[in-house]
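There are 2 protein chains.
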Amino acid sequence: MPARCGDTSADVVERLRGLGFDEADARTLAGHFLDAERRGSLGHGLSRVEWLERGAIALDPRAKPKRVVAEPAYERWDANGAVGYLVLAAAIDAQLADPPERARLVVLANAFPTGALGYWVRRLADGGLAAALTANSPARLAHPDGGPKLTGTNPLAIAIPSSDGRHIVADASMSRVPHGDVIRGAAEPEDVVPFGGDRAYKAFALAVGLELLVRALAGTERGAVLFVARPEADPVPAFRALANGVRLPGDR
Amino acid sequence: MPARCGDTSADVVERLRGLGFDEADARTLAGHFLDAERRGSLGHGLSRVEWLERGAIALDPRAKPKRVVAEPAYERWDANGAVGYLVLAAAIDAQLADPPERARLVVLANAFPTGALGYWVRRLADGGLAAALTANSPARLAHPDGGPKLTGTNPLAIAIPSSDGRHIVADASMSRVPHGDVIRGAAEPEDVVPFGGDRAYKAFALAVGLELLVRALAGTERGAVLFVARPEADPVPAFRALANGVRLPGDR
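Listed in order, the protein sequences are those of chains Y and W. Position 38 of the first sequence, counting from 1, maps to 38 under my numbering, and the rest follow consecutively. Position 127 of the second sequence, counting from 1, maps to 127 under my numbering, and the rest follow consecutively.
If you're looking for bench data, these hints aren't it; they were derived computationally from the structure. As the structure is a computational prediction, the values presented were derived from the model and not from experiment. Be a bit skeptical, because a hint or two may be false.
Since copy identity is lost for identical chains, a pair holds within one copy or between any two.
The calculated EDC-like cross-link candidates involving lysine to aspartate or glutamate, where the alpha carbons are at most 20 Å apart (straight line), are [as the list claims (entries may be wrong)]:
1. 64 <-> 93
2. 66 <-> 221
3. 66 <-> 22
4. 64 <-> 23
5. 66 <-> 14
6. 66 <-> 93
7. 66 <-> 232
8. 66 <-> 234
The following block holds chain Y by itself, in its conformation from the complex (with noise of 0.2 Å):
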């Protein structure tokens, strides 16, 4: 079933129920689906709900991301089957739970897909934590010169807590058009290149860059990489001070 724009909470956690998740894992998703909606960011909205009702990818259902390794600094989780979302959900609960002491490196092995990372890095910045988190995809940015496609589309984003509660979310993936709106039917495959026209080659080292910290990491071809501080410091209210009204990353 299409999404709908009058499409309820209510409405998407009981389509989601019906693909045989839990009430709570409905929810979470239901959450991170319906962000992505609100904030315009439609190719990781309701769209990828009708994607997992057509069975775009393997889904077990009832599979629950595992940590397998928790140390002060360091934790390693791996989706032990469960949707990217929901290991990403996971994680971010973990860290806001247990905040580490200076910083921590998060590698979320086999985590796909993990939708708009902007969405998880804010709720940490509401927690008060800094984080940067990237992921990769399975490869459909070329080189801008040609050649075989390389790499995943591969976002990175940034969040800066504020103490005003105003949060700087930076999240950019390296793709000029997210593949997000290939898979709703707004964009061509062909339009799924490193954005930067003259200047694509900069983005293409960005998503090859990520790319490989991904897997070098994770030791797996899919995951993402999430890196959380404590703040020695509140930049943003004397920053949005400077900006003087100009809409900055993260704003509605």
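Please build the complex by placing chain W on the supplied structure of chain Y, with the hints as guidance.
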């Protein structure tokens, strides 16, 4: 004295000694500037020796950076009046001498200028470590729609070691042209804008995120943030094989 294309390492070291740097620091600085020249990153190369010679920044050539916190997964350095290049050099040496068991956040307060970030993380890759490094700089980028200049050009460098020695080193600033090209007279200040054309909001978002990440973690206006980790896997050789001769980030 302007840089000359026949400059040898000995010439450059001598000029830096003339500025008051000791022999070891002069060699460290020359190593960075000459590598930037060889890679065609001229705005980080010998033009910066002339820039130092003409007193573009307040310089105490005898100052030495200080490591003020050293924990297994966290280090904090302060420039202590030293030029940023030397802060990076000292912090990189320290990571190679005592690598993290898993991962380490290294914060470099007041480190400026920091040069070609790819140069520093490549040294970590030579030592088998994966790394991501960013640094901020004076506000030169405004929002693509206008308004005040808000962030530095804020490069992000990512290095992934390869067992065959052919590491991947992505290093991209968020500016269409490097500020260094303005310093050396090859570009105009108005060319320093977020890269990306009609997607410049993406580079602007990343620049703002990196700017505030540095300020939040360093607790100072200016600095660098380095994240070092031991890889779990060696993904580069297979990635190069897939690339089939396409030039990858950091290749000369």
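Status of each hint after checking the structure:
1. 64 <-> 93: within (14 Å within a copy, 42 Å between copies)
2. 66 <-> 221: Intra 18 Å, inter 39 Å, cutoff 20 Å: intra-copy only.
3. 66 <-> 22: Intra 17 Å, inter 53 Å, cutoff 20 Å: intra-copy only.
4. 64 <-> 23: within (13 Å within a copy, 58 Å between copies)
5. 66 <-> 14: neither (26 Å within a copy, 58 Å between copies)
6. 66 <-> 93: So residue 66 and residue 93 pass the 20 Å test inside one copy only (13 Å; across, 36 Å).
7. 66 <-> 232: between (31 Å within a copy, 18 Å between copies)
8. 66 <-> 234: neither (33 Å within a copy, 24 Å between copies)
Hints 5 and 8, counting from the list given before, are not met by this structure.
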